[in-house]
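Given the structure of chain A, go ahead and fit chain B onto it with the hints provided.
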Amino acid sequence: MTASFPEDFRYVLVDETVLQARVRELGAQITHDFQGEDLRLITVLKGGLFFLADLSRAVDLPLSFDFMAVSQYVQGVGGAVRVTKDLSDDIEGASVLLVEDVVDTGLTVNYVLSLLRARGPKRLEVCALLDKPARRIAQVPIAYRGFEMPDKFLVGYGLDLDGRYRNLKSIVALRDEMVLS
Amino acid sequence: MTPGEHVPEVEPVDPAAIHAPLDEIQFAHASERVAAEILDFYRIAWLYEPTTFPIEWDGQGRVVASFSPDFYLPDFDLYIELTTMSQKLVTKKNRKVRRLRELYPDVNIKIFYQKDFRKLLARFGVASQPVAHAEGGGMIAANLPTSEKDVS
Numbered sequence: 036m037t038a039s040f041p042e043d044f045r046y047v048l049v050d051e052t053v054l055q056a057r058v059r060e061l062g063a064q065i066t067h068d069f070q071g072e073d074l075r076l077i078t079v080l081k082g083g084l085f086f087l088a089d090l091s092r093a094v095d096l097p098l099s100f101d102f103m104a105v106s107q108y109v110q111g112v113g114g115a116v117r118v119t120k121d122l123s124d125d126i127e128g129a130s131v132l133l134v135e136d137v138v139d140t141g142l143t144v145n146y147v148l149s150l151l152r153a154r155g156p157k158r159l160e161v162c163a164l165l166d167k168p169a170r171r172i173a174q175v176p177i178a179y180r181g182f183e184m185p186d187k188f189l190v191g192y193g194l195d196l197d198g199r200y201r202n203l204k205s206i207v208a209l210r211d212e213m214v215l216s
Numbered sequence: 044m045t046p047g048e049h050v051p052e053v054e055p056v057d058p059a060a061i062h063a064p065l066d067e068i069q070f071a072h073a074s075e076r077v078a079a080e081i082l083d084f085y086r087i088a089w090l091y092e093p094t095t096f097p098i099e100w101d102g103q104g105r106v107v108a109s110f111s112p113d114f115y116l117p118d119f120d121l122y123i124e125l126t127t128m129s130q131k132l133v134t135k136k137n138r139k140v141r142r143l144r145e146l147y148p149d150v151n152i153k154i155f156y157q158k159d160f161r162k163l164l165a166r167f168g169v170a171s172q173p174v175a176h177a178e179g180g181g182m183i184a185a186n187l188p189t190s191e192k193d194v195s
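As you go down the protein sequences, you meet chains A and B in turn. In this text, residue positions in the first sequence follow this note's numbering: the first is 36, and each later residue adds one. In this text, residue positions in the second sequence follow this note's numbering: the first is 44, and each later residue adds one.
Just so you know, the hints here were simulated from the structure itself, not pulled from any lab data. Using N, Cα and C, we set each Cβ at its ideal position, and we do this for glycine too. One or more of the hints may lead you astray.
[What the hints assert, rightly or not] The list that follows gives simulated cross-link-like pairs (lysine to aspartate or glutamate, EDC-like), each with its CA atoms no further than 20 Å apart:
| hint | chain 1 | residue 1 | chain 2 | residue 2 |
| --- | --- | --- | --- | --- |
| 1 | B | K153 | A | D186 |
| 2 | A | K167 | B | E124 |
| 3 | A | K157 | A | D73 |
| 4 | A | K187 | B | D159 |
| 5 | B | K153 | B | D118 |
| 6 | B | K158 | A | D195 |
| 7 | A | K81 | A | D124 |
| 8 | B | K153 | B | D120 |
| 9 | B | K135 | B | D159 |
| 10 | B | K136 | B | E124 |
| 11 | A | K167 | B | D159 |
| 12 | B | K139 | B | D159 |
| 13 | A | K167 | A | D211 |
| 14 | B | K158 | A | E212 |
| 15 | A | K167 | A | D186 |
| 16 | B | K135 | B | E145 |
| 17 | B | K158 | A | D186 |
| 18 | B | K158 | A | D166 |
| 19 | A | K204 | A | D68 |
| 20 | B | K158 | A | D211 |
| 21 | B | K135 | B | E124 |
| 22 | B | K153 | B | E92 |
| 23 | B | K158 | A | D197 |
| 24 | B | K139 | B | D118 |
| 25 | A | K157 | A | E127 |
| 26 | B | K153 | A | E183 |
| 27 | B | K135 | B | E92 |
| 28 | A | K157 | A | D68 |
| 29 | A | K187 | A | D211 |
| 30 | B | K135 | B | E99 |
| 31 | B | K139 | B | E99 |
| 32 | A | K204 | A | D73 |
| 33 | B | K153 | A | D166 |
[Unchecked claim] Sample of chain A residues facing chain B (criterion: CB under 7 Å; computed from the structure):
| hint | residue |
| --- | --- |
| 34 | A115 |
| 35 | V116 |
| 36 | L142 |
| 37 | Y146 |
| 38 | R170 |
| 39 | Q174 |
| 40 | F188 |
Next comes chain A alone, as it looks inside the complex (with noise of 0.2 Å):
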């Protein structure tokens, strides 16, 4: 844990410890549910980035993984959301599994889901270090979960405010004060 932020602002909810042993647990059982598939991971950057590098090293199988990254929404200025990095390499007929740090209203997910459905992979999945139900919008299938979360702010590990703390090592919790000061 870092200093990088006060004391009082903050509180871990998943520990370093508990937070690698469960990205084990999740490894073990993709290597036994993709035994002979052409195996993909992929993430959507930036968050899962540190899940994805732990996970596909705790999966034992001939896998590769790519990177997608998507737009975020903007107050006032419209649009829609769209890719802003694509897949490097095709994925019809290979087995996908959509490896998110977190799922909270469902939204991104549900998106980068119909858009990799249409590309016409022969088994498409979701794993999710995090699943935030309390606030879900969207309805989206979750095969693998690490933990189920509390709605709260959360930073760490991928997750990030304003673009920092991804870094830091266990999934924290940030007070409702630091957040909507």
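For chain B alone, kept in the frame of chain A given last:
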């Protein structure tokens, strides 16, 4: 009209239906318009207050109280209610939602409280400030980002 029966003010919608332009919709609060913009951004079909659910009747069976959730998302068969009043003022709204769930158990509704919505905006990088109930309630964005950025 009997308890448990509701009268949609619009016909069941095609998921591909397109709502009226935002400027032509009389949103109750600015925050509802922001919610509509977010749904549009993520290409989620929605309708604004399409259904009024009677929730209370007098002795003669006349409707004396009803509830119109803010949004209906046909793709997910989900109603959304934004309660952007301060927490201490939401008791009446909670009672309505609870009554709706009792009378219409098959109706899916999700309520977003002020803090929920402000945290959601914060995740999008939009800071917000609550507006006093006496001044109309809801909230306003406290900053307006000027460029798109990659999703977190």
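Tell me if the straight-line CA distance from K187/A to D159/B falls inside 20 Å.
Holds - the C-alpha atoms of D159/B and K187/A are around 9 Å apart, at most 20 Å.
Within 20 Å, alpha carbon to alpha carbon, are K135/B and E145/B?
15 Å, holds
Quickly compare the C-alpha distance for K135/B and E99/B to 20 Å and report which way the hint goes.
14 Å, holds
Is K153/B close enough to D186/A, meaning Cα to Cα at most 20 Å?
14 Å, holds
Per the CB criterion, is F188/A less than 7 Å away from chain B?
5 Å, holds
Hint check: is the beta carbon of L142/A less than 7 Å from a beta carbon of chain B?
For L142/A, the interface hint holds, since the closest Cβ of chain B sits about 4 Å away, which is under 7 Å.
Are the Cα atoms of K81/A and D124/A separated by 20 Å or less?
19 Å, holds
Next pair to validate is K204/A with D68/A; report whether the Cα-Cα distance is within 20 Å.
28 Å, violated
Is the straight-line distance between the alpha-carbon of K157/A and that of D68/A 20 Å or less?
Distance of about 14 Å is within 20 Å: holds.
Regarding the pair K135/B and E124/B, is the alpha-carbon distance no greater than 20 Å?
Distance of about 13 Å is within 20 Å: holds.
Given the hint that K153/B pairs with E92/B, does the C-alpha gap stay at or below 20 Å?
Status holds; Cα separation ~14 Å.
Agreement of hint R170/A with chain B interface, Cβ distance less than 7 Å:
Result: holds, 6 Å to nearest chain B Cβ.
The structure is inconsistent with the numbered hints 19, 24, 32, although it conforms to all the rest.
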